[in-house]
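Asker: Each chain, letter by letter, is given below.
Protein chains: 2
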Amino acid sequence: MADAGTDAAVARLRALAAHRFVIEDVAPEINAGRYPVKREVGDSLSVFADIIADGHTKIAGTLYHRAADEEAWQETPLRFHDNDRWTAAFPLTRNTRYLYTLGAWIDEFQSWRNDITKKANAGQSVAVDLTEGRALVARARDAAKGGEDRARLEAMLAAHDAAATEDQQLAALLTEEADRLMRRHGTRIGYTRYDKVLEVVADRPLARTGAWYEMFWRSQGDDPARGATIEECIARLPYIRDMGFDVVYLVPWHPIGRTNRKGRNNTLQAGPDDPGSPYAIGAAEGGHKAVNPDWGTLDDFRRFVAAIEAEGMEIAMDFAIQCSPDHPWIRAHRDWFKWRSDGSIRYAENPPKKYEDIVNVEFYAPHGGEPIDALWLELRDVVLFWVEQGVKIFRVDNPHTKPLTFWEWMIREVQARHPETIFLAEAFTRPKLMKALAKLGFTQSYSYFTWRTGKAELTDYLEELTQGPAKEYMRVNFFANTPDILPFHLQQGGPPAFRQRAVLAATLSSTYGIYNGFELCENTAVPSKEEYLFSEKYQYKVWDWDRPGNIRDWITRLNAIRRENPALQEYDNLRFYTCWNDQILIYGKRAADARNFVLVAVNLDVTAPQEGNFELPLWELGLGDGATVWMEELLDGYRFTWTGKIQHIWIDNNRPAFIWRMTPA
Amino acid sequence: MADAGTDAAVARLRALAAHRFVIEDVAPEINAGRYPVKREVGDSLSVFADIIADGHTKIAGTLYHRAADEEAWQETPLRFHDNDRWTAAFPLTRNTRYLYTLGAWIDEFQSWRNDITKKANAGQSVAVDLTEGRALVARARDAAKGGEDRARLEAMLAAHDAAATEDQQLAALLTEEADRLMRRHGTRIGYTRYDKVLEVVADRPLARTGAWYEMFWRSQGDDPARGATIEECIARLPYIRDMGFDVVYLVPWHPIGRTNRKGRNNTLQAGPDDPGSPYAIGAAEGGHKAVNPDWGTLDDFRRFVAAIEAEGMEIAMDFAIQCSPDHPWIRAHRDWFKWRSDGSIRYAENPPKKYEDIVNVEFYAPHGGEPIDALWLELRDVVLFWVEQGVKIFRVDNPHTKPLTFWEWMIREVQARHPETIFLAEAFTRPKLMKALAKLGFTQSYSYFTWRTGKAELTDYLEELTQGPAKEYMRVNFFANTPDILPFHLQQGGPPAFRQRAVLAATLSSTYGIYNGFELCENTAVPSKEEYLFSEKYQYKVWDWDRPGNIRDWITRLNAIRRENPALQEYDNLRFYTCWNDQILIYGKRAADARNFVLVAVNLDVTAPQEGNFELPLWELGLGDGATVWMEELLDGYRFTWTGKIQHIWIDNNRPAFIWRMTPA
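Each protein sequence line maps, in turn, to chains S and R.
Taking my numbering, the leading residue of the first sequence gets 1329, the next gets one more, and so forth.
Taking my numbering, the leading residue of the second sequence gets 1329, the next gets one more, and so forth.
To be clear, the hints were calculated from the coordinates, so they are not data collected in a lab.
Treat the hints with caution; some may be incorrect.
Treat identical chains as interchangeable: a pair holds within one or across any two.
Pairs of lysine-lysine residues, derived as PhoX-like cross-links and limited to a Cα-Cα distance of at most 25 Å, are as follows [what the hints assert, rightly or not]: (1) LYS1681 to LYS1857; (2) LYS1760 to LYS1730; (3) LYS1730 to LYS1447; (4) LYS1799 to LYS1720; (5) LYS1386 to LYS1681; (6) LYS1446 to LYS1857; (7) LYS1617 to LYS1783; (8) LYS1720 to LYS1386; (9) LYS1524 to LYS1386; (10) LYS1473 to LYS1682; (11) LYS1386 to LYS1682.
Using the sequences and the hints given, assemble the complete structure.
Answerer: Shown next, in the form of structure tokens:
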């Protein structure tokens, strides 16, 4: 070997030799650490890792964690789980980002302890081994620079030295205290640190658990000739609070453009009194930082936020980036928009569909140029502006049509200042794009729930969301309807379908929502479309909130059940159970502390009662197949007992669900 | 915002904005690119990736690859696979390492093409769109700096400009040539490169496919009072070649220590004429670079290698790092060994078991010190020394008791000079440690096959190996027996078990081996242990290679069938099929070109014939359930037809398998 070749080979071996262990298959970890895991304050994060070392020596390891704004790592010892897998957990006590990683090493003292014990048990001489063990303790004493630990190690050595027999000498070194002190001060041989630092976002609990009510602000009054005022909206809050909602989410409240304004039922020509779509944002009165003057002033708005808070709820804002042709940005920032070769502005389109009342901003300069910094900053500042007005929840309109990089940057910028902010991605698009938005930082996501009605597809989809890899980063907010979506099953199924979908949304996910009118079973559709006829998106509207056939009581009861049962406030604890009837869906949720178990049975057939045998999941309570359990039906409040694993149920279609709390008898 | 804060925010957005696409879930990829994927020369590597972009624009991408010793990346266009997943492949033409990665971008021209086509189909005006498309082509022409492509783009523009109608103008820009040229010269908007460069090792085909014969060199003669010479071993080669083996693997051939030499049947005291275990390496005559003088000289050894090659086979060496107490290294390199507090050397032990004829080297200085470079280099040089003598295959003894880092370094050092070298890891240890050795560079691995006998456990294990993630980096070499392992089923089952295990080993994996004596159905064991009685590991031995009851013909036929059927030379093409008898295992392998399909049925019960219905996998040939196929039984050479998916078989236990080649009738 030439010397230069040898030197290079030694350099390579030194580089490799420094990472003696394989630390792999760390969980949770998303895209090799590229994106943060999501949890909520009050959780603890359990971390698992395969730690693979050569030979038969004993290894030890530690989980490191720190809040992103702290300097010092805290250590938690890893404990052996199974099959070269190790685990430890740390608590998430603050609404912030935490970092975590791992380290592992050969535990020389435990390896020695293991060997000498086996030899002593086999009656072999351990004299030399004892001397070597004593030397390990002496090394540790030297490493423990002063203090109590050093004194204790010194005492151990003295006890060993004073002992009369080998057995007594050994006993002096094999104490629990020895284990503890040697872990702390013993040499960490082959110490290897995991090569990634991972991140977990500890959001506030509302990120996981909440009931949302979507309010179309201008339809909350009683004058069909004009939009409601903020004052009228404030008057509506007790109604929402009484149903038990946590979040009041409003469609955009900014000034609405006049150019190409849409008329009733999305027609191209607005009448002189048509108010236009609130998603055509921006007019002479202002853009994304302005309040629609028909609704009120910024001061009114602040009173509205305070009123919502006074009712124990929170406001959520609709952050829709598109602009009406009248938006002030268009004149002030020509380079934020796309201009066509004939000098006209490029309207939004998805050929052959055109959206003439909207133009989109351009995040990058033409032909793949640099990002337009000023626009990115302004959009971030729009969010920060509303945070200053008291808004902490942002439902983002169509995020999937804007660069993923923008959202990743913007959400981090905002949460670095305001970790309490919550961002809900309203993306109905390809599954991997929806997951990408969740990974890059959206707190919550819309979902396909709105279109999943069959037993198999509900089961598959919910298992993917709550038990697959997505559970680490995606929390789906199950909206039963939206201003854009009146699903066919609600159109055709009427009130039984509304009751059924409310139960499914409220109990399958820990966070769900309805859009106003759902509680009235409103289902008049544009023929053969999943759209509302005479949608309030394009016209003034007045609702009779007490109209006959409403299901306010049902929704009120559902929200109460959610609040009373911690199991329903968890997201990834959903499990499906066997029922020998494909029209009956049975599932359960168990609280983390296992003291609350809720079982739900839903009749998916809105046209007829259904009955069938099913497996009562006695095993979830640790009970045998013949056990007896107390069942409390929570919608109607009666009690009974069931004995044995196979039971029979009959579910009406008009009252299409049972929600039971199950406890051991 | 303070200016400094804004500057930092802009810096963050610029950093993120440069990676506009998410490129994720790249396959194959091991531990986020930490370890190379394994393939063989002649394969092509298919690469898949999810590429996720915002919005509805058309994207395009490329797979980059180059051999590790080349500078320039070659590009292969990605094609859309499914659900945001893209794919491309590149050929592995040389025995070397290749690097690969991906890039993706918005295809501005295809997006324009897509939009304008939809608009034109909907009868909308496309005049402005045409102007914009022409501008894209003009940009590409400017980017194509001279040459034929520029001329062609220029011609496209001229054709567009000369056209009389919008339809003709459009036609001029929507040609196949336009697609091709615009892909090459159009602006790559939002160009994003995958953030990892991945590696694939293209081993030579023997890494995947081979039949190994393990030869205990000193038992190949006919004098029970001494070990065989190299000359006598050479005389044995036609016997091995005639059975159809590819590799002749020998236990260590170095001088054997005398101190604490083991006697017959692993007794602690050797008699004066006992030769000792060949795994107690090193004596006054030399260490790991020496040939045992009882066997021959280094010159003899080179003749042996040449003789093996002349028979169309290859030699494999046993690389066992441990030393006898007489190894020259011990005196020359005191710091390579562990010395006890009483001044004695530390013998190998796994308390309470002791191995007094062996000492292990120490790869790191005591108490977690630096790696001992000189030892690492010397061990590498031992391998390189034997490579120079013509050895290209190394079976490594107990690699799991040495640092993983050493192997990763050593195998790379050797393969950088000699990519044709093959390393087989003889690790029987915990599953994840075995996988770690395979990931870090071992070409092949021993396995648990030797102890898997039931239908469920064989199926589970083989599916894990050949269809799970391990198939990308682990090739298991199925040894039916070894000098250390005479499994109970061979002890108890006699010749039917030997035939059955030979079929399983030779057809379940593309690479398999037997240790000499297997073909003689030798199964005299140390009582209640899986060890050979009077093992040749500890004594001289003479075999009657023609003794009655041998199954040489059976093995010869199996190896011939393997050579004649490409399907059996593939590793990850194994599939199991349903048989309604738990004692009958049915599986098949299909060649990559789908022209060769081999179906195997094995009776797992060595005590009685078994029969049962099974599913004939007509679908593997693309046939319907009622199709007729030609079946050729390859062990006995007869033919018949089968019609229909459900068939019945009866398998004798003495002749416990059928191997069929199945072709459409």
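Asker: Now, for every hint given, state plainly whether the structure supports it.
Answerer: Going through the hints against the structure:
Taking the shortest alpha-carbon separations for LYS1681 and LYS1857, only the intra-copy value of 16 Å comes in at or below 25 Å, while the best inter-copy value is 78 Å. With identical chains, the CA atoms of LYS1760 and LYS1730 are at most 25 Å apart within one copy only, with a shortest distance of 15 Å there and 43 Å across copies. Taking the shortest alpha-carbon separations for LYS1730 and LYS1447, only the inter-copy value of 23 Å comes in at or below 25 Å, while the best intra-copy value is 67 Å. Taking identical chains as interchangeable, the C-alpha atoms of LYS1799 and LYS1720 lie at most 25 Å apart only when both belong to the same chain, with a minimum of 23 Å there against 48 Å between chains.
Proximity of LYS1386 to LYS1681 under the C-alpha cut-off of 25 Å is restricted to the inter-copy arrangement: shortest distance 17 Å between copies versus 66 Å within a copy. In this homomeric assembly, LYS1446 and LYS1857 come within 25 Å of each other (Cα to Cα) only across copies, at 22 Å, whereas the closest approach inside a single copy is 76 Å. In this homomeric assembly, LYS1617 and LYS1783 never come within 25 Å of each other (Cα to Cα): the closest approach is 45 Å inside a single copy and 69 Å across copies. In the homo-oligomer, the alpha carbons of LYS1720 and LYS1386 never lie at most 25 Å apart, since the shortest distance is 50 Å inside one protomer and 35 Å across protomers.
Taking the shortest Cα distances, LYS1524 and LYS1386 sit within 25 Å of each other inside one copy (24 Å), while across copies they are farther apart (34 Å). In this assembly of identical chains, LYS1473 and LYS1682 lie within 25 Å of each other by CA distance neither inside one copy nor across copies; the values are 75 Å within and 38 Å between. For the identical chains of this complex, LYS1386 and LYS1682 are inter-copy neighbours only, at 19 Å across copies versus 67 Å inside a copy, given an alpha-carbon limit of 25 Å.
Violated hints, in rising order: 7, 8 and 10; the structure is consistent with all others.
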